[in-house]
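Engineer: Residue numbers (full-length UniProt numbering), protein chains in the order written: chain A, 1 to 296; chain B, 1 to 296.
Just so you know, these hints were derived from the structure itself, not from any lab.
It is possible that part of the hints are untrue.
Note: identical chains are not told apart, hence a pair may lie in one copy or across any two.
To be verified - Here are the simulated BS3-like cross-link-like pairs (lysine-lysine), alpha carbons at most 30 Å apart as the crow flies:
no., residue 1, residue 2
1, K120, K219
2, K26, K219
3, K2, K225
4, K219, K25
5, K55, K25
6, K225, K55
7, K293, K2
8, K55, K26
9, K234, K55
10, K26, K225
11, K219, K234
12, K296, K55
13, K55, K219
14, K234, K288
15, K25, K289
Treat the numbers as computed from the prediction; the structure is a model and nothing was measured.
There are 2 protein chains.
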Amino acid sequence: MKTFNRVAIVGGTHGNEFSGVYLLKKWQATPATISRPTFETETLFGNPNAHRDNKRYLDCDLNRQFLLHDLANPELGNYEQSRAKAINLQLGPKGNARTDLIIDLHNTTSNMGPTLILLKSDAFNTQLAAYVAERMDDAVILFEDHCSVEEHYFLCSIAEQGIIIEVGPQPQSVIRQDVLDWMEEMTLHILDFVELYNNNNVPELPDTISAYRYTETLKLPEDEKGERIGMVHKNVQDADFTPLRNGDPIYTLFDGQEICWDGDYEAYPHFINEAAYYDNNLAMSLGKKVDIKVIK
Amino acid sequence: MKTFNRVAIVGGTHGNEFSGVYLLKKWQATPATISRPTFETETLFGNPNAHRDNKRYLDCDLNRQFLLHDLANPELGNYEQSRAKAINLQLGPKGNARTDLIIDLHNTTSNMGPTLILLKSDAFNTQLAAYVAERMDDAVILFEDHCSVEEHYFLCSIAEQGIIIEVGPQPQSVIRQDVLDWMEEMTLHILDFVELYNNNNVPELPDTISAYRYTETLKLPEDEKGERIGMVHKNVQDADFTPLRNGDPIYTLFDGQEICWDGDYEAYPHFINEAAYYDNNLAMSLGKKVDIKVIK
Chain A
1 MKTFNRVAIV
11 GGTHGNEFSG
21 VYLLKKWQAT
31 PATISRPTFE
41 TETLFGNPNA
51 HRDNKRYLDC
61 DLNRQFLLHD
71 LANPELGNYE
81 QSRAKAINLQ
91 LGPKGNARTD
101 LIIDLHNTTS
111 NMGPTLILLK
121 SDAFNTQLAA
131 YVAERMDDAV
141 ILFEDHCSVE
151 EHYFLCSIAE
161 QGIIIEVGPQ
171 PQSVIRQDVL
181 DWMEEMTLHI
191 LDFVELYNNN
201 NVPELPDTIS
211 AYRYTETLKL
221 PEDEKGERIG
231 MVHKNVQDAD
241 FTPLRNGDPI
251 YTLFDGQEIC
261 WDGDYEAYPH
271 FINEAAYYDN
281 NLAMSLGKKV
291 DIKVIK
Chain B
1 MKTFNRVAIV
11 GGTHGNEFSG
21 VYLLKKWQAT
31 PATISRPTFE
41 TETLFGNPNA
51 HRDNKRYLDC
61 DLNRQFLLHD
71 LANPELGNYE
81 QSRAKAINLQ
91 LGPKGNARTD
101 LIIDLHNTTS
111 NMGPTLILLK
121 SDAFNTQLAA
131 YVAERMDDAV
141 ILFEDHCSVE
151 EHYFLCSIAE
161 QGIIIEVGPQ
171 PQSVIRQDVL
181 DWMEEMTLHI
191 LDFVELYNNN
201 NVPELPDTIS
211 AYRYTETLKL
221 PEDEKGERIG
231 MVHKNVQDAD
241 FTPLRNGDPI
251 YTLFDGQEIC
261 WDGDYEAYPH
271 FINEAAYYDN
281 NLAMSLGKKV
291 DIKVIK
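Let the hints inform the model, and build the full structure from the sequences given.
Structural biologist: Take a look at the structure:
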């Protein structure tokens, strides 16, 4: 069984997602909160310059810069592309990383509650998910395991085990106490679990857990020129992880017309109307509800 | 009795408050929605460059640049200061404006619902408030009449009658349908009222209306160096226009300590944890609940 020696907690990967930034500050003042006997915990401020300017990023989204061929490409030299290389040097290198586990702290304007996003469904992750779900009633488990960890472009994909904690709803550039408390609670459960795992002392866990698995991303309605002509329907707004069925209204055009979802499965939308996704005219992600076997 | 000949509707005074920007686009496509027989309605895009950059403002807050001595000061020449002078030329000049009524459309990240902000409690405004309140169950009436219209630095203070429609909660850089619908409904009620007023045909109104009156603005907790050391307490978050009493928790410090409100009146907080107010470390505004006489 694997042992975790080095864990990194990253905050401020997006400069206007405040919870991680403030938790890092808090933990720097009280390091005992995040230290555990069997491993070292380090913290890293992902995008300090974007935070200084109160923006998600300066040149491009830092959390999309961690593909191996981009990290190896010397021609990608803007601020976030350079920052990605520096972070890869510090925590990685991706594929053979010094850091065993990266926990990357994120906020969303969507009503997703405290969501644990996992990039693969192996023994560690499924046990971790079951452990956290048992201890946090509000926790949502979301698998984005449609590709390998290496194929993901996220910061946390540097390490073999990469986790995103995604908590909302929180407007950009705001600190909400409920969101901060959820994020801290989920982070500390993960650290506790790693400690138990290292000590081969994980408590009894259920055989399966209820989770969601990412399927696809939907775009906002556009005209032929690519201009946005509608918005997320009011019935879908805030209804993250509430099922959407074929024929349910999903968008309202600015002229008043309603557009319905034309899908052949029961979909669970999330990242609904996330502010940062407007850059690419994205409306929401969809997933399926799944029972995941806890691999013991 | 006054007649209104020219009404201006302003959207995008803050570039990342999207509802007004999208309503202006919508009404430009369907101008009949905002035209009425007895007056002209024009629309104005307050801060197009800030919207292009998806920010509240480029150099300084446009909606704080409309004091007479600032408008007259040639040394104030940054983008928003210049834009304020141009808008004052187009809709004003303040003190003797071509425009009889300005309706300025705003969003807040605070849970304020559709709020009608009025800068004085004269016959027109008190009748308007009563008219709107009777037609929109969710409407909140807020008087910011602690100084004269001329002494206000808001864009809408250019005209003798200036109104702010403030609708939330909406994260910056997002369009929520519920918020858009509220904003449009309130705007159209105001236009309908002006039409009735011009025709001396205002329907019977109650003798008083229930409203709020601004009293003071509270700051977030800071240390001696002016650094933020706490946040709005979770009990107060989203509780706009819910009474706050002496001894109620109002802030939580990042070290966990709770700070209680030490006040000698029943306060009604609003603009609670508004993202844009972090620039000045403001936590919320307070008001008193009042019965306002409808002047007929």
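Engineer: Now look at each hint and say whether the structure bears it out.
Structural biologist: Going down the list of hints, with the structure as the test:
In this assembly of identical chains, the alpha carbons of K120 and K219 lie at most 30 Å apart only when taken from the same copy (25 Å versus 44 Å across copies). In this assembly of identical chains, K26 and K219 lie within 30 Å of each other by CA distance solely across copies; the values are 21 Å between and 38 Å within a copy. In this homomeric assembly, K2 and K225 never come within 30 Å of each other (Cα to Cα): the closest approach is 52 Å inside a single copy and 46 Å across copies. In this homomeric assembly, K219 and K25 come within 30 Å of each other (Cα to Cα) only across copies, at 21 Å, whereas the closest approach inside a single copy is 36 Å.
For a Cα distance limit of 30 Å, the shortest separation of K55 from K25 qualifies both inside one copy, at 19 Å, and across copies, at 26 Å. In this assembly of identical chains, the alpha carbons of K225 and K55 lie at most 30 Å apart whether taken from the same copy (27 Å) or from different copies (24 Å). With identical chains, the CA atoms of K293 and K2 are at most 30 Å apart within one copy only, with a shortest distance of 19 Å there and 73 Å across copies. Taking CA atoms no more than 30 Å apart as the test, K55 paired with K26 passes in both settings, with 21 Å inside one copy and 28 Å between copies.
Taking the shortest Cα distances, K234 and K55 sit within 30 Å of each other both inside one copy (27 Å) and across copies (25 Å). Taking CA atoms no more than 30 Å apart as the test, K26 paired with K225 passes between copies only; the shortest distance there is 17 Å, against 47 Å inside one copy. Taking CA atoms no more than 30 Å apart as the test, K219 paired with K234 passes inside one copy only; the shortest distance there is 16 Å, against 34 Å between copies. In the homo-oligomer, the alpha carbons of K296 and K55 never lie at most 30 Å apart, since the shortest distance is 42 Å inside one protomer and 49 Å across protomers.
Within a single copy, K55 and K219 get their C-alpha atoms as close as 23 Å, and across copies as close as 23 Å, so both meet the 30 Å cut-off. In this assembly of identical chains, K234 and K288 lie within 30 Å of each other by CA distance solely inside one copy; the values are 22 Å within and 32 Å between copies. Taking the closest pair of Cα atoms, K25 and K289 never come within 30 Å of each other, the shortest separation being 36 Å inside a single copy and 39 Å across copies.
Checked against the numbered hints given earlier, this structure breaks hints 3, 12, 15; the rest are met.
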